[in-house]
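**Q** Now for the letters of each chain:
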Amino acid sequence: MDFSRGEVGDVSVSTRVKLIAVLVVVAAVIGLLIQTAVTKAATYYLTVGELYGQGAQAIGKEATVSGNIVGSTVQWDPSKRLLQFEMRDDAQSKPLPVVFHGDRPDDFSNDWPVVVTGKLNASGQFEASKLLIKCPSKYQAKEQTYTAAPSA
Amino acid sequence: MLTGLIGQAAIRLLLVSVLAALAIHTLAACTGSRRWRTASRLAQGWVFLCAATASAALIRLLVTGDYTYPYVASYTGPGLPLVYRIAAFWGGNAGSLLFWSLVLTLYGAVVVGARHEDSERMLPIVSFVLSCITLFYALLLNLKANPFVRLDHPMPPSGLNPLLQNPGMTVHPVNLYLGYIGFAIPFAYAVAGLWLGRTDAVWLKVTRRWTLVSWLFLSIGIVYGAHWSYEELGWGGYWAWDPVENASLLPWLTATAFLHSAIVQEKRGLLKAWNVVLVSLTFLLTLFGTFLTRSGVLWSIHAFANAPLGVWFLSFLGVAAAVAAALIVWRWPALRANGRMEAVVSKESAFLLNNVLFLGSAFAVLWGTLFPVVSEALGGRRMMVDAPFYNTVNMPLAVCVLFLMGVGPLVAWRRASVQGVVRAVAVPLAVAALGGTATAAALEAVYHRWSLLGTLAVAAALFNLWTVAFEFVQGVRARMQMTGDGAWTCLVRLVSNQRRRYGGYLVHASVAVMAVGIAASGTCHLDAQVQLRPGESADIGAFHLTFTGMGVTPGTVSRDMYANLVVSSGGRTLGVLRPSATFYSDGQQPTTNVALYSRPMQDLYAVLLGTSPSQGDIAIFDLHVNPLVQWIWFGGYGLILGTLVSLWPERARRQAWSVTGVPSALEGLYQQMAELEYDWKMGKLDGDDYHRQKRALWTAARREEAVEAQLRARLERELQEAVRGARVGEG
Chain A
1 MDFSRGEVGD VSVSTRVKLI AVLVVVAAVI GLLIQTAVTK AATYYLTVGE LYGQGAQAIG
61 KEATVSGNIV GSTVQWDPSK RLLQFEMRDD AQSKPLPVVF HGDRPDDFSN DWPVVVTGKL
121 NASGQFEASK LLIKCPSKYQ AKEQTYTAAP SA
Chain B
1 MLTGLIGQAA IRLLLVSVLA ALAIHTLAAC TGSRRWRTAS RLAQGWVFLC AATASAALIR
61 LLVTGDYTYP YVASYTGPGL PLVYRIAAFW GGNAGSLLFW SLVLTLYGAV VVGARHEDSE
121 RMLPIVSFVL SCITLFYALL LNLKANPFVR LDHPMPPSGL NPLLQNPGMT VHPVNLYLGY
181 IGFAIPFAYA VAGLWLGRTD AVWLKVTRRW TLVSWLFLSI GIVYGAHWSY EELGWGGYWA
241 WDPVENASLL PWLTATAFLH SAIVQEKRGL LKAWNVVLVS LTFLLTLFGT FLTRSGVLWS
301 IHAFANAPLG VWFLSFLGVA AAVAAALIVW RWPALRANGR MEAVVSKESA FLLNNVLFLG
361 SAFAVLWGTL FPVVSEALGG RRMMVDAPFY NTVNMPLAVC VLFLMGVGPL VAWRRASVQG
421 VVRAVAVPLA VAALGGTATA AALEAVYHRW SLLGTLAVAA ALFNLWTVAF EFVQGVRARM
481 QMTGDGAWTC LVRLVSNQRR RYGGYLVHAS VAVMAVGIAA SGTCHLDAQV QLRPGESADI
541 GAFHLTFTGM GVTPGTVSRD MYANLVVSSG GRTLGVLRPS ATFYSDGQQP TTNVALYSRP
601 MQDLYAVLLG TSPSQGDIAI FDLHVNPLVQ WIWFGGYGLI LGTLVSLWPE RARRQAWSVT
661 GVPSALEGLY QQMAELEYDW KMGKLDGDDY HRQKRALWTA ARREEAVEAQ LRARLERELQ
721 EAVRGARVGE G
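Residue numbers (UniProt numbering), protein chains in the order written: chain A, 1 to 152; chain B, 1 to 731.
In case anyone wonders, no lab produced these hints; they're calculated from the structure. There are no misleading hints in this set.
Residues of chain A clear of chain B, computed beta-carbon distances all greater than 12 Å:
{"hint": "1", "residue": "55"}
{"hint": "2", "residue": "56"}
{"hint": "3", "residue": "60"}
{"hint": "4", "residue": "86"}
{"hint": "5", "residue": "99"}
{"hint": "6", "residue": "119"}
{"hint": "7", "residue": "122"}
{"hint": "8", "residue": "124"}
Rough simulated footprint, nothing fancy, chain B against chain A, three-plus residues with beta-carbon under 8 Å:
{"hint": "9", "stretch": "18 to 30"}
{"hint": "10", "stretch": "39 to 50"}
Using N, Cα and C, we set each Cβ at its ideal position, and we do this for glycine too.
Based on the sequences and whatever the hints tell you, model everything.
**A** This is the structure:
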């Protein structure tokens, strides 16, 4: 079935080059898009220990911190939509106090993994703008994202 | 007790049987004897029986609630409805691995029933590959995650997570699994095709069909999962770009790319190697997705390679990737194209561009999902990306794909003139641009939100709908002229004679409808958090809500606390919304239940966040208005319908045009001619191109006819000689 090579085969080489050029350009644009988006949207992803390890440097820098909820510290004031709790890496490590202006997730109990995005303020509190929790034992349960309420 | 023992025995037997089956398939493939091939088929059925017995045993344990089994105690509890007891089968890690084996062996037992050219040679190899995958899961079940582990004493039951107690959770995981696991079969065929050195039309036909089946299940699973997330999780959205969602999207993107590039191989004999790569990649991505959900690699980043299942999946992924790569390299010469790209502007190149866009999107999703791991490996600092990243990259790509979807059908095969394409596209594109702008303006007037990308997406979607309508109208009109039948008859005949083409167009239209829903709800989403005392009101969008008070539905296992919100719009009372929170007597965390007023044009979505009795019965609500969300679900149904039309078997009469069910070189040329006539009739080609291509195809067909005639003559001569020889011998 190589009849294409007879009559029109002579143009095929340049067609191929042109086509590859087009595809390469498209791929490059997509790459650039990814690169730009990554630079704009990436945040540091740390554990509580690593955040503390950065010392004063960490203050005011956008970061995403993961840890486990300390159940006894959870305070939720629905009228202010204010959720306060502490999180830590494991039972021994130093806990990080977190304030989150937003909703309390359905599954918010002791020792469950939580990921918060926000900034550490000068008083040592982590002001979260986003909170993510996941049910640890039933992996199908999707994690839920909570966005901070616009500060009134 | 007995049930548990049977289950335990069944998964042990499953492991032994798979090992035996591997030996049988090997013998069947090497000896080629009919006996061993039959044995190979039976082995696939037997392995399925083992998995089915184990599954039945586990379901029985879950239904009867035997809490001496930790698996039963972890995922069920007293008072759990029967349907969720059954759903607990795939609700946990060990059970879902058994479910995985069940589905895989079921597919394995079904696939050996296939009859196609060369199926006798291919099926033992296909079965071998599927058995290798089953072996992996059987090993996991026996060594790492056995659901039949039993304790001496009952464990306190902890119940199924309330969030999973939703009808959607019985449908969504099953569909996802059916889709995910189904991609193993195209991969198995790819390996068989490469091994036998034939990745030709037979391979393509079977592979495309199985990919489409899996793709359908995966699509249903994804859309249903989004729907579940929207109705159950109460955050007002349907897609959060979390790693698990991404894991389901990745193979979907590559499979979609394959479904398109397969057409190029079928019609033009190009992209053979590329198709094998796509099929393998899709399968590898399903393994990768499973790895993500089981290993905890992205959740707690420290668990990388610590989680036992993670290492297993990663090793298996590595082995599968290495085997696929080695086979492709080994058979590279056989994967050479039969023809060439003739022009830059052609349907082939539109398909190529489609593939680049889909793979680009898949790469972006993969890159984002793995970014924590990648950035640590590259720069030492762990970084992550979330929804804004995925949206920034994927939305423009999606808009490009949508435009391409509209242009593609209007472009002719082989060589299309730029002017021709511009001419065909100009009017619909102008109309679509106007329609898009008008829609955006209308949305802006109501919701005061606007985005360029959203407008472009709506315009592209309208352009698509136009293209699809155009294809249908032109096709029906041409048929009416030819046959003189009525429009309705012609439409039915048109679709039933070219199911794949028109089923595909239906899918395109459905995707366009979904795109409108996604663009509108993404751009014009309104939300507000309000605190109301009884008697107070709030406004959101065009809705006026009055809080009239709280109520409680009593229950033994759980009770619901609900708020009454009277909804009105434009002075007309629409009804009462009752967002609620469920409290569980066993001390589980309370869950919220979304109240939804859902109409085709917009959804009003209300969540009860909490109450504050100390401050005078204040209730706090999260309110969302999402325009056109229902269009996404409508589009989902259309997508199912269109795929089913594509999949519906063609009548035997139509398959009979070739003895083998697969076109010979000459039949392939006749098909290309029919395609050319179609393009010409639909106005996709100008006169010069049409006549030139027709001439080229005729010349090639004559050449091929001459070759066939020669062959036939030789065959007849040799037959006659043989017959004469036999007569002489008899005499």
